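Chains as they are written, first to last, in my numbering: chain A, 1 to 612; chain B, 613 to 974.
Some chain A residues close to chain B (C-beta under 10 Å, calculated; not the full set): (1) GLU292; (2) GLY416; (3) SER595; (4) ARG596.
Since the hints were made in silico from the structure, they are not lab data. These numbers were taken from a predicted model, which means no experiment stands behind them. Glycine included, C-beta positions come from ideal geometry on N, C-alpha and C.
Residue strings, one per chain:
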Amino acid sequence: MNRKFITFILMLFAYTVLYAQQDSIVTLETVTLSDIRLKKVADKSIVIKLSDSLLQNHNGSFTELIRQHTSIYLKENGLGMVSSASFRGTNASQTAVIWNGININSQTTGQTDFNNFGLDNFNQITVKSGGGSSFYGSGAIGGSVHLQHQMDFKKKQIFSLGSAIGSYDNYIQSGNATISNEKSYFNGFIKHQSADNDYPFLDTDLDNDNGQIENFSMGFNTAHKIGKRDIIKAYYSYFTNHRNLSRTLSVPTKSRLEDKNRRFMLAWNRKVTKATYNVRVANLGEEFKYYENRFKKHLFSGSEVSSIIASTDVDYQFSNRLSIKAAADVGLIEGEGHKIGENIRRSIAGIISLTHSPFKKFNYTLTGRKEATNTYKVPFVGSVDVSYKVFEWYTVGVNGSKNFRTPTYNDLYWEGLGNPYLLPETSYQADFNHFFNYKKNSLQLAAFYIDTKDMIKWAPGDSSDWVPGNIAHVKNYGIEANLKTTFKYKKHQVYFSGTYAYVKAIDLETDKQLIYVPLHKANGTISYNLKRLNVFYENVFTDDVFTNANNTKGITKNAITNIGVSYNLNLDNNNFKISGKVNNIFNKKYENVISRPMPNTNFLISINYKYN
Amino acid sequence: MNTKKIILGLFTATLAFTSCTDDEGVNFQPVVSDYVTPLGAYENGILVVNQGTWNQGDASVSFVSDDLATKNNGIFSFHNNSAPLGDVGQSIAFYNDLAYIVVNNSQKIEVVNKNTFEGVATIDTGLSNPRYMTFANGKGYVTNWGDASNNADDFIAVIDLSNNTLASTIPVDEGPEQIIALNNKLYVTHKGGWSQNNIVSSIDTTNNSVSTIVVGDVPDEIVLDSSNNLWILCEGNPSYAATETAGKLIKINTTDNTIATTINFAAATDHPKIMTYESGSLYYYINEAIYKMDEADTTLPTTAIISQALTEGDMAIKTGKLYGTRADYITGDSELIVYNLSDNSLIDTIELNTGAYHIYFN
Numbered sequence: 001m002n003r004k005f006i007t008f009i010l011m012l013f014a015y016t017v018l019y020a021q022q023d024s025i026v027t028l029e030t031v032t033l034s035d036i037r038l039k040k041v042a043d044k045s046i047v048i049k050l051s052d053s054l055l056q057n058h059n060g061s062f063t064e065l066i067r068q069h070t071s072i073y074l075k076e077n078g079l080g081m082v083s084s085a086s087f088r089g090t091n092a093s094q095t096a097v098i099w100n101g102i103n104i105n106s107q108t109t110g111q112t113d114f115n116n117f118g119l120d121n122f123n124q125i126t127v128k129s130g131g132g133s134s135f136y137g138s139g140a141i142g143g144s145v146h147l148q149h150q151m152d153f154k155k156k157q158i159f160s161l162g163s164a165i166g167s168y169d170n171y172i173q174s175g176n177a178t179i180s181n182e183k184s185y186f187n188g189f190i191k192h193q194s195a196d197n198d199y200p201f202l203d204t205d206l207d208n209d210n211g212q213i214e215n216f217s218m219g220f221n222t223a224h225k226i227g228k229r230d231i232i233k234a235y236y237s238y239f240t241n242h243r244n245l246s247r248t249l250s251v252p253t254k255s256r257l258e259d260k261n262r263r264f265m266l267a268w269n270r271k272v273t274k275a276t277y278n279v280r281v282a283n284l285g286e287e288f289k290y291y292e293n294r295f296k297k298h299l300f301s302g303s304e305v306s307s308i309i310a311s312t313d314v315d316y317q318f319s320n321r322l323s324i325k326a327a328a329d330v331g332l333i334e335g336e337g338h339k340i341g342e343n344i345r346r347s348i349a350g351i352i353s354l355t356h357s358p359f360k361k362f363n364y365t366l367t368g369r370k371e372a373t374n375t376y377k378v379p380f381v382g383s384v385d386v387s388y389k390v391f392e393w394y395t396v397g398v399n400g401s402k403n404f405r406t407p408t409y410n411d412l413y414w415e416g417l418g419n420p421y422l423l424p425e426t427s428y429q430a431d432f433n434h435f436f437n438y439k440k441n442s443l444q445l446a447a448f449y450i451d452t453k454d455m456i457k458w459a460p461g462d463s464s465d466w467v468p469g470n471i472a473h474v475k476n477y478g479i480e481a482n483l484k485t486t487f488k489y490k491k492h493q494v495y496f497s498g499t500y501a502y503v504k505a506i507d508l509e510t511d512k513q514l515i516y517v518p519l520h521k522a523n524g525t526i527s528y529n530l531k532r533l534n535v536f537y538e539n540v541f542t543d544d545v546f547t548n549a550n551n552t553k554g555i556t557k558n559a560i561t562n563i564g565v566s567y568n569l570n571l572d573n574n575n576f577k578i579s580g581k582v583n584n585i586f587n588k589k590y591e592n593v594i595s596r597p598m599p600n601t602n603f604l605i606s607i608n609y610k611y612n
Numbered sequence: 613m614n615t616k617k618i619i620l621g622l623f624t625a626t627l628a629f630t631s632c633t634d635d636e637g638v639n640f641q642p643v644v645s646d647y648v649t650p651l652g653a654y655e656n657g658i659l660v661v662n663q664g665t666w667n668q669g670d671a672s673v674s675f676v677s678d679d680l681a682t683k684n685n686g687i688f689s690f691h692n693n694s695a696p697l698g699d700v701g702q703s704i705a706f707y708n709d710l711a712y713i714v715v716n717n718s719q720k721i722e723v724v725n726k727n728t729f730e731g732v733a734t735i736d737t738g739l740s741n742p743r744y745m746t747f748a749n750g751k752g753y754v755t756n757w758g759d760a761s762n763n764a765d766d767f768i769a770v771i772d773l774s775n776n777t778l779a780s781t782i783p784v785d786e787g788p789e790q791i792i793a794l795n796n797k798l799y800v801t802h803k804g805g806w807s808q809n810n811i812v813s814s815i816d817t818t819n820n821s822v823s824t825i826v827v828g829d830v831p832d833e834i835v836l837d838s839s840n841n842l843w844i845l846c847e848g849n850p851s852y853a854a855t856e857t858a859g860k861l862i863k864i865n866t867t868d869n870t871i872a873t874t875i876n877f878a879a880a881t882d883h884p885k886i887m888t889y890e891s892g893s894l895y896y897y898i899n900e901a902i903y904k905m906d907e908a909d910t911t912l913p914t915t916a917i918i919s920q921a922l923t924e925g926d927m928a929i930k931t932g933k934l935y936g937t938r939a940d941y942i943t944g945d946s947e948l949i950v951y952n953l954s955d956n957s958l959i960d961t962i963e964l965n966t967g968a969y970h971i972y973f974n
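Excised from the complex, chain A in its bound form:
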């Protein structure tokens, strides 16, 4: 192993020992959690929480946010273009994205485009490392990204308006209102962004001449208490995203992608003495149109998928030390599209989970899930999550789980090539976690191992046409470290957060690293606060990635730095905030996907007004 790497780990270790003393672990439970299953295992897993304040101040994309603050590697086809995740070296369809407790990975591609989201949709992002199929179903192999809108019943009124102007004609306008009291909560949001996005490709005569973006989001989140025991909640979001797709260094293009996503969910919570009931019904719609030539709008391909997902959770608390959850998920997915025909998938899953603390400081959760569908057999999956608080400031955790990923509509039904006999991918994995907490400082360390069998891969078949098969066998292992720390001196406050991941993802057939998996990825943010002034410096380092299976071609490592400053002005109930950010301040030439350059130095200036 690399010497530098060992030094790095030892330094982290030394730091921890230095600061590791007595403190308590923060609990995250509130009655108004929308992702009710998350809390069952969140305290035993590696979890990064991105706060409301971080989200509010972020005028960039979801991709930028996740890249900067987690160890997930994102492959972005040029700024704002299609962006897919690689979590712990797994592929894009092995990271589950969970919206208020519901898995929203695309039914057609199995993945989530991290640039196809409105960020105002939610006020808390939790990124959980490791398998989660027992609770969240397909795709939770590398980890899961949980998007929630947290609601509370405190009396308040907040209205905010925002506007931002950035390089390459980037304009953003947004509005947000939250009104709540002891009985009700309402939040509404609206946001629009348009950008020419025609940044130059450094060291060439070219620019991103087909990279225009326009997106719009709106929606609401609301909750009402009925009596003392019941809460009714509704969530709605609508997002349209029109993107001309960027050219590569050597391929000019006129293509365009138009996405439309709508999500609606009704939820009912009931809490009686020892039991909690939670029922959710959601309707999700995803639609895309792809134009090869945007000047010929009558010629396009696309698909439309509509799903109805319902779930029921019953939690029963036998004692302080023993609780049981029984849950059921029902899904009805209707898809129709170019090259995939018209198909219906039905599924039903049952989940049992037990959390037990046989003695103080030690607790474990056992979970099992069985799903049946009308298309393929889904294996029984389960997980064991154990945590032992060795000291007040140090907890050790172990997770073991079996997870799966179902074939997508494209895999199953693609005209003439899709394979209806595909099996779901299955993976076994283990995590060994360390949690250190001292006051506002925390360090999480994980070693992980994932063994994925029957991986779906498109490869030349008998007639040399490319067909999907359950052929690949991949082993991933590595280390993750997340550090957060705060220093305070009088009115000065310095905050640091950083993540580091070392990932090996080996195709056992060739013994080579999978494409687009960096061996090292590290990022850090240092932020300095003095009264109303905030200054920050952030950096992301991405190691070399390979772009072919022989590991002979790839993208060279890069480190990209951004800086920003903001100033708050308060007048009674009015708050004005002015902020500026410089991305890629050292004007580095870099790519996330081969031949697709990312922007040079660029600016964003935002003004926010808030009344509360």
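Assemble chain B onto chain A, guided by the hints.
Using the frame of chain A, we list chain B on its own:
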């Protein structure tokens, strides 16, 4: 027990878990010429256009000397200030001292001196998914698929060779692929682009009139035999088409543009892919084997002369040697395979840049 010892123990376990293997640096394959110093003189040898990987901009041209002793990969970049050739190297056409390299996905043709590979011009306006080029009547003719989503925008681009610009276009049916010139006539196979077609177009270059001949499904390779008959290799509709059909070998009499001979492949799953012609014999490739057939024969040979996979590749014959290319776009494996036709034995396998495709003799 000592606190530090516990933590240290857990840490050691953590590290052991991530069993440490090799950690050597990354050496990305150079696109520009490797192995030996580029010659700058490519008269006596084989040129191979390497497609590269879709959307990765790594198309290239390799040179291998006739005696197979010298190899230069990436000669275009080397002789043109390291400029990348582009995306998806499709084909090369030769005219006098010039080589016209058709770069499909980059929508352009790079014109170079065929012996020095120094750039002369770039034709990058008026092309839309260009495929193959030929010359007749003092002009260049390039087949173009147009947009994948549009089956009515396919055309032949007519190139003014004096200034290397688009002179005019001739609209044709869906998916024009390979093109061959005979006197003032052009013959174009319509493979079908992103779908399937079943015709050959005949174009009179004196007045640009187009007539069509219905052949088998998915006509691709086209050669002229010793009596100026055209041989067309039709691949047949693939398994993912509405109806899968068997390949066909078709001979067209060029004096009256009629079909003289049709030879059917046996099974609907038989899809011959590559064909070349040399000294009275046709050589074609199907199911990982190469077959030889006399031009006077009316039935297909039953035994192969060489058993060799040429997946995604091409073949060509010169002075008793058969050259084939084979490429794997996932791994990046790419090679030129050379057989001795006197005893059908393998002479050599030469590693090329990603996506080795068409072979030309310079």
